[in-house]
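First residue of the sequence shown? That's 610 in the numbering used here, and the numbers climb one at a time after it.
Please keep in mind that the hints were generated in silico from the structure rather than gathered at the bench. Some hints could be false.
Cross-link-like lysine-lysine pairs, in silico, DSSO-like; alpha carbons within 27 Å at most [stated by the list, open to error]:
no. : residue 1 : residue 2
1   : LYS675    : LYS685
2   : LYS941    : LYS630
3   : LYS1006   : LYS630
4   : LYS869    : LYS991
5   : LYS807    : LYS630
6   : LYS1057   : LYS991
7   : LYS836    : LYS849
8   : LYS1057   : LYS887
9   : LYS709    : LYS763
10  : LYS991    : LYS1006
11  : LYS887    : LYS991
12  : LYS869    : LYS630
13  : LYS941    : LYS887
14  : LYS869    : LYS763
15  : LYS887    : LYS862
16  : LYS849    : LYS887
17  : LYS1006   : LYS887
18  : LYS849    : LYS862
19  : LYS1006   : LYS1022
20  : LYS836    : LYS807
21  : LYS862    : LYS941
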Amino acid sequence: QVVGRAGTGVDNVDVEAATRKGVLVMNTPTGNSLSAAELTCGMILCLARQIPQAAASMKEGKWDRKKYMGMELNGKTLGVLGLGRIGREVATRMQAFGMKTIGYDPIITPEASAAFGVEQLPLEQIWPRCDFITVHTPLLSSTMGLLNDSTFAKCRRGVQVVNCARGGIVDEGALLRALQSGQCGGAALDVFTQEPPKDRDLVNHPNVICCPHLGASTREAQSRCGKEIAMQIMDMATGKGLAGIVNGQALSKAFTPQTKPWIALARALGTVLHTVGKQVQGSVQVCTLGTPLWEAGSYLMPAVATGMLAGGAQKEVTLVNALLLAQEAGLKVTTTHGDMAPEPDGSAGLLQVALQGTPHRATGMVQGSTPVLRELNGATFKQPAPLTGPILIYRTKASEPSALPTLAGLLGKVGVHLQSYHSSGMVAGEQWSVVGLSAPLSNLGELKPRVMEVFQLHL
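Input sequences plus hints: build the corresponding full structure.
Structure, rendered in structure tokens:
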């Protein structure tokens, strides 16, 4: 299940509730970038030349040439806070007007921003240098009120502020106070903390230009976002890949043909570990081994968790909500990676899942596109056992050789075919067996007296 947002912001989607239900939330972060950037540039021009105020004056029948004295942008300094897709588009466009662009972004490197003409500086150095400041960050706890009474006081007197990103990044009360004192010379706002704004003091201020959240309101952006979200959902449905994920970024790598068998293996090992260990609570260590899996832990962890929670009280356990539901169930899932390649050429990988504080652990790998079990509780299989379809896993003593004949007789009675049989080496006089079946067995009563324990799974 997926919720697709044809745009960037997901304020109108309850992401937490969607995650809990295992529903994937997607957006189209690039679809409206150009439109938002162009609106920002238009806002900067309008602030510099008071175009909206002059136009409104003309409509009132006035001819106030002296009242609307503006400024040139050439040679002015523009501070761009947030140097992602929109921030960099704004910067490059305003450079064409001769503006000097400085900025800040905790993720983009100074070398990367220098490539598109933005000198990165600490925020404390940005405030006093700017003639104009524009914000292009998401609304987070760290960006809420980024421009506030304290930061306005550090700014150059008469600074012009633009917010076409998210309401709340600029503290609206602080902005109004700065406008009233002249510390802020003008503001252009496309977004508000409350939309539409009930408090009209900012909207009605003569030095404020405002729009009703028009950043993405162009025919091109709407068409682009609609097409992008439709294509993303189609790609997800056909297994081509994931893009624009809001609540499961780690899963973006989980839909490639190469990773699907490893997802199936992780889920199967989780199911095996839960069944053999007879518990869900505790700590599970997921260890990837080998070069092919060095980045795989992020999406194999939720896959293991889905297997651990399978058949439990939680419904609709998916890769999206597995870690959240596991945590609530008292199950902590962590991951590590080992650089030692399990094969001499490093072309294969191994996945180990262990229930910490117990002897229970399972190790598997992918052969071709089939997930297989290589080791269970310290017992290594001579030939790895496929973990697909209906299977029986049972443990016997070396002194009890009649389990397999008994199972064969039971299968013959009910018309179920034995698809595969794999046994492990002996450990402390005990042996594990994994049997692939053509269909599940409804009654294991005849087999149970011949084995120490037996489990039936459908993987």
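Hint by hint, here is what the structure shows:
1. With a CA separation close to 22 Å, the supplied pair LYS675 and LYS685 stays within the 27 Å bound.
2. For the suggested pair LYS941 and LYS630, the alpha carbons sit about 19 Å apart, so the restraint of at most 27 Å is met.
3. Distance check on the hinted pair: LYS1006 and LYS630 sit about 44 Å apart at the alpha-carbon level, beyond 27 Å; violated.
4. Using a Cα cut-off of 27 Å, the hinted pair LYS869 and LYS991 holds, with the two alpha carbons roughly 25 Å apart.
5. Between LYS807 and LYS630 the alpha-carbon distance is near 34 Å, which puts this suggested pair outside the 27 Å criterion.
6. Note on LYS1057 and LYS991: the hinted pairing holds, with a Cα-Cα distance of about 24 Å set against a maximum of 27 Å.
7. Between LYS836 and LYS849 the alpha-carbon distance is near 16 Å, which keeps this suggested pair within the 27 Å criterion.
8. Note on LYS1057 and LYS887: the hinted pairing holds, with a Cα-Cα distance of about 17 Å set against a maximum of 27 Å.
9. A threshold of 27 Å between alpha carbons decides the hint, and for LYS709 with LYS763 the separation of about 19 Å falls inside it, so the pair holds.
10. Between the alpha carbons of LYS991 and LYS1006 the distance comes to roughly 17 Å, so the proposed pair stays at or under 27 Å and holds.
11. Distance hint between LYS887 and LYS991 is fulfilled; the C-alpha atoms sit about 25 Å from each other, no more than 27 Å.
12. The straight-line distance between the Cα atoms of LYS869 and LYS630 is roughly 22 Å, inside the 27 Å bound, and the hint therefore holds.
13. Proposed proximity of LYS941 and LYS887 is supported: the alpha carbons are some 16 Å apart, at most 27 Å.
14. A threshold of 27 Å between alpha carbons decides the hint, and for LYS869 with LYS763 the separation of about 53 Å lies outside it, so the pair is violated.
15. For the given pair, LYS887 sits about 31 Å from LYS862 by alpha-carbon distance, which is inconsistent with the 27 Å threshold.
16. At roughly 36 Å between alpha-carbon atoms, LYS849 and LYS887 are farther apart than 27 Å, so this suggested pair is violated.
17. For the proposed pair LYS1006 and LYS887, the alpha carbon gap of about 20 Å is at most 27 Å, so the pair holds.
18. Only pairs whose Cα atoms come within 27 Å are accepted, and LYS849 paired with LYS862 is accepted, the gap being roughly 10 Å.
19. At most 27 Å may separate the alpha-carbon atoms for a hinted pair to count; LYS1006 and LYS1022 meet this at roughly 25 Å.
20. Between LYS836 and LYS807 the CA atoms are separated by roughly 34 Å; this puts the pair beyond 27 Å, and the hint is violated.
21. Between LYS862 and LYS941 the alpha-carbon distance is near 22 Å, which keeps this suggested pair within the 27 Å criterion.
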